[in-house]
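Order-wise, the sequence lines are chains V and C. Quick note: the first sequence uses the working numbering, first residue 1, plus one each step. Quick note: the second sequence uses the working numbering, first residue 1, plus one each step.
Where hints are given, some of them may not hold.
Unchecked claim - Computed cross-link-like contacts, EDC-like style, restricted to lysine to aspartate or glutamate with a CA-CA straight-line distance of at most 20 Å:
hint: 1; chain 1: C; residue 1: Lys19; chain 2: V; residue 2: Glu157
hint: 2; chain 1: V; residue 1: Lys198; chain 2: C; residue 2: Glu41
hint: 3; chain 1: V; residue 1: Lys13; chain 2: C; residue 2: Asp51
hint: 4; chain 1: V; residue 1: Lys68; chain 2: C; residue 2: Asp51
hint: 5; chain 1: V; residue 1: Lys141; chain 2: C; residue 2: Asp51
hint: 6; chain 1: C; residue 1: Lys19; chain 2: V; residue 2: Asp159
hint: 7; chain 1: C; residue 1: Lys19; chain 2: V; residue 2: Glu162
hint: 8; chain 1: C; residue 1: Lys19; chain 2: V; residue 2: Glu171
hint: 9; chain 1: V; residue 1: Lys133; chain 2: C; residue 2: Glu73
hint: 10; chain 1: V; residue 1: Lys165; chain 2: V; residue 2: Asp5
hint: 11; chain 1: V; residue 1: Lys133; chain 2: C; residue 2: Glu52
hint: 12; chain 1: V; residue 1: Lys13; chain 2: V; residue 2: Glu51
hint: 13; chain 1: V; residue 1: Lys141; chain 2: C; residue 2: Glu52
hint: 14; chain 1: V; residue 1: Lys198; chain 2: C; residue 2: Asp51
Unchecked claim - Pair by pair, the computed Cβ-Cβ distance ranges are:
hint: 15; chain 1: C; residue 1: Val101; chain 2: V; residue 2: Arg26; range: 41 to 51 Å
hint: 16; chain 1: V; residue 1: Arg58; chain 2: C; residue 2: Ala34; range: 51 to 61 Å
hint: 17; chain 1: C; residue 1: Glu22; chain 2: V; residue 2: Arg58; range: 21 to 31 Å
hint: 18; chain 1: C; residue 1: Glu22; chain 2: V; residue 2: Leu126; range: 18 to 28 Å
hint: 19; chain 1: C; residue 1: Leu24; chain 2: V; residue 2: Ala59; range: 38 to 48 Å
hint: 20; chain 1: C; residue 1: Thr32; chain 2: V; residue 2: Asp129; range: 18 to 28 Å
hint: 21; chain 1: V; residue 1: Ser170; chain 2: C; residue 2: Glu61; range: 15 to 25 Å
hint: 22; chain 1: C; residue 1: Ser31; chain 2: V; residue 2: Ser168; range: 33 to 43 Å
hint: 23; chain 1: V; residue 1: Ser170; chain 2: C; residue 2: Glu27; range: 18 to 28 Å
hint: 24; chain 1: C; residue 1: Val120; chain 2: V; residue 2: Glu61; range: 56 to 66 Å
hint: 25; chain 1: C; residue 1: Thr32; chain 2: V; residue 2: Arg89; range: 25 to 35 Å
hint: 26; chain 1: V; residue 1: Pro143; chain 2: C; residue 2: Arg88; range: 34 to 44 Å
If you are wondering where the hints come from, they were derived from the structure by calculation, not from laboratory data. Remember, it's a predicted structure, so these values are computed and weren't measured experimentally. Even for Gly, the Cβ is constructed at its ideal location relative to N, Cα and C.
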Amino acid sequence: MARTDVQLMLDVKAGDEASFELLLHRYRTPLVNFLYRMVRNREQAEDLAQEVFLRVYRAREDYVPSAKFTTWLFRIATNLALNSVRDTRYQKLEVSIDAPITTDAEDGDERTLDVPEKHPNIEQHLVEDSRRKMIRHAIDKLPEKQRAAVLLHKYQELDYAEIAKILSCSESALKSLLFRAYEALRVELAPLVAQQVKNQG
Amino acid sequence: MSCERMESRILGYVDGRLKESERLEVEKHLSTCAPCRVRAEEFRAVSGLLDELPVIEPSPEFDTRVRALVAPEPVKQSWWAWLHVSPRVAFAASFLLLAAVWIGVYRQPQQPLPWNNPQVADEQMMEDLPVLEDHDVISNFEPLKDLPAPVQQADEDQNTQQSM
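So that you can see chain C by itself, here it is in the shape it has in the complex (with noise of 0.2 Å):
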């Protein structure tokens, strides 16, 4: 490994943040190269440095300010926002919704098509067939063929022999 590519990785060696396999690559070049094996010390040593820095406590007023700069912002909720807060509303939306999809598609009476099924279309035949048999009697009804000629035909009949 070159000094150069050691830029990227001592502050890592440092911190023991490198993989295992960075870590002897970074610790095979230390091992040769004073320079970076001093800059690594020192990299170290303003680590430790940077932790001499106290920490701070906010004020014991900051929650308190905190809560009275979001207090004033609306609350706008979704319209699904009140589903996520209440699953027993929305569990029981979901079984009402399922309950009339159910009786919507399952519950409705069956009523195949006749021409789809022909054991059906034959029943059905059937059922029709006493109405087939009464058109067919008075179409071939025979007291009807003797009746006379309708009246209107007869006048205009009359009419044409006149006037000839």
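Just chain V, same shape as in the assembly (with noise of 0.2 Å):
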């Protein structure tokens, strides 16, 4: 039977490198892909997990199972992301008193692996990308902590409790949160919206 995590953990830090290696294995890809629609750069993505699995080494003698290890895992990375999205756009708002900020450079991150051969129509290619940015665009407006509740709760399925633990606040204010954030999101995609649901209907 697979060791929980918190066992790995607990294992991790009586010395057992091995099992560090197996939450480095477990982890490695949902950590990735939520700093990296956190900070929309791949790059900057992968330092903060590297980042986060060091901080995660480096406590590993303090560590008590008082919380689920992904609650802690992901407050790590919360707090990163959010200070690094933070500095960033600090740094932003300095460049673009000379030259502001035309393009979107990160777009290509995910396109590269969409290998256009996969699709033979072109011009489908061509719909899907541009609903896939749109999509990007409509979460990259939303503010920081609304984001990353949405991205906790829509791809990590953490539960209402563990989210809120990870962004220090009430469950009501994370529901509350989350509504804001779809609604937002709504709006935003609302072309997009409307052609879901009569497919849905």
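Using the hints, put the two standalone chains together into the complex.
Below is the structure:
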């Protein structure tokens, strides 16, 4: 039977390096994806994910399984991501005085994974690409905390109590945060939403 | 249920995270409130759109970089950590400790104090009786009573008579 995250972390605490490898293998993809959707830069997301694992390793001796491992892990990741987003925004503000940013360089990160050969119909490929771009932009436009809440709720499938702990807020505040985020998304993505509702119906 | 209360439940309803009783309550409201029904449909559509974003894989060098980051970290193990990784040593140490305690407590010769146990006290007295008898014989030894007074005492008496 597979060991739980907490068991693995306790083994890391006892000096078992192989358990750390298992945690790394288990959480590298979810962490990189979460951080990528938070900071919108693949290289930066990987750097931050590596920093998360380093912090987990450093804290191994003081680790006490008082909460779920994922709560602790994504709390570290969320704090790093929020700080990074705020720093980047500050830097962009400084740069924009001389050179306003007009291009979206990071959009290429996901596109490179979609090899055009997979889509014999190039028109279909462009439509899908355009949809994804709209969705990414809609998520990007959310305030950082709302964005983190949506990503943790939608992609990590964490429960409300866990996400509330990660974001240091009450469960009712989290529900309100998510409601506002989905309201903003449905307005921002109105044409796609209408199409989706039509397809669902 | 009011539309305001729906705010905290509508997403849970869309995601299927509500309890059965809450779900029934929400469905009851939706059957009578068109704006909330539209909102629920559109939230479900948003959720579907979010599913369209592809999952990215970390670069092949990711694990190597993490290992390189943690490698220089000092290995600081607590005093008890080696027991955790070596249960046999822990068992042996515990066994030795218990054996030492057992020998110390249960294998000591039992020497009850005589004044706590009347029977033992009597036995002790019987053992000591010859000593008491010897003492009694010496203290009442008749021939010793006939001995002359100590010499020093006699000299002192003579001195007092002369001075008179």
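Results for each hint:
Proximity of Lys19(C) to Glu157(V) is assessed by CA-CA distance (about 17 Å); at most 20 Å being required, the pair is judged to hold. With a C-alpha separation of about 10 Å, the suggested pair Lys198(V) and Glu41(C) falls inside the 20 Å cut-off, and the hint holds. Proposed proximity of Lys13(V) and Asp51(C) is contradicted: the alpha carbons are some 36 Å apart, above 20 Å. At roughly 25 Å between alpha-carbon atoms, Lys68(V) and Asp51(C) are farther apart than 20 Å, so this suggested pair is violated.
As the CA atoms of Lys141(V) and Asp51(C) are separated by approximately 18 Å, the hinted pair is consistent with the 20 Å bound. Distance restraint check for Lys19(C) and Asp159(V): the Cα-Cα separation of roughly 13 Å lies within the 20 Å cut-off, and the hinted pair is therefore satisfied. Under the criterion of a C-alpha separation no larger than 20 Å, the hint pairing Lys19(C) with Glu162(V) is consistent with the structure, at around 18 Å. For the hint linking Lys19(C) to Glu171(V), the alpha-carbon distance of about 16 Å falls within 20 Å, and the restraint holds.
With a C-alpha separation of about 41 Å, the suggested pairing of Lys133(V) with Glu73(C) is violated against the 20 Å cut-off. Restraint check for Lys165(V) and Asp5(V): satisfied, since their Cα atoms lie roughly 18 Å apart, inside the 20 Å limit. Of the supplied pair hints, the one linking Lys133(V) and Glu52(C) holds, its CA atoms being roughly 11 Å apart against a limit of 20 Å. Straight-line distance between C-alpha atoms of Lys13(V) and Glu51(V) comes to about 18 Å, which keeps the hinted pair within the 20 Å bound.
A C-alpha spacing of about 18 Å is found between Lys141(V) and Glu52(C), which places the hinted pair at or below 20 Å, so the restraint holds. For the hint pairing Lys198(V) with Asp51(C), the CA-to-CA distance comes to about 17 Å; that is within 20 Å, so the pair holds. As the Cβ distance of Val101(C) to Arg26(V) is approximately 44 Å, the hint placing it in 41 to 51 Å holds. Against the hinted window of 51 to 61 Å, the Cβ-Cβ separation of Arg58(V) and Ala34(C) comes to about 55 Å, which satisfies the hint.
Look at Glu22(C) against Arg58(V): about 42 Å separates their beta carbons, and that is not inside 21 to 31 Å. Restraint check, Glu22(C) to Leu126(V): a C-beta distance of roughly 42 Å breaks the suggested window 18 to 28 Å. Between Leu24(C) and Ala59(V) the C-beta distance comes to about 44 Å, which sits within the given range of 38 to 48 Å. A hinted range of 18 to 28 Å is violated for the C-beta pair Thr32(C) and Asp129(V), which are about 41 Å apart.
For the pair Ser170(V) and Glu61(C), the beta carbons lie near 41 Å from each other, so the given range of 15 to 25 Å is not met. Between Ser31(C) and Ser168(V) the beta carbon distance is about 37 Å. The supplied range of 33 to 43 Å therefore holds. At roughly 26 Å, the beta carbons of Ser170(V) and Glu27(C) sit within the given window of 18 to 28 Å. Range check, Val120(C) to Glu61(V): about 58 Å between beta-carbon atoms, so the 56 to 66 Å window is met.
For Thr32(C) and Arg89(V), the Cβ-Cβ distance of about 44 Å falls outside the hinted range of 25 to 35 Å, so the restraint is violated. Our hint of 34 to 44 Å for Pro143(V) and Arg88(C) is violated, since their Cβ atoms are close to 56 Å apart.
The earlier numbered hints that this structure contradicts are 3, 4, 9, 17, 18, 20, 21, 25 and 26.
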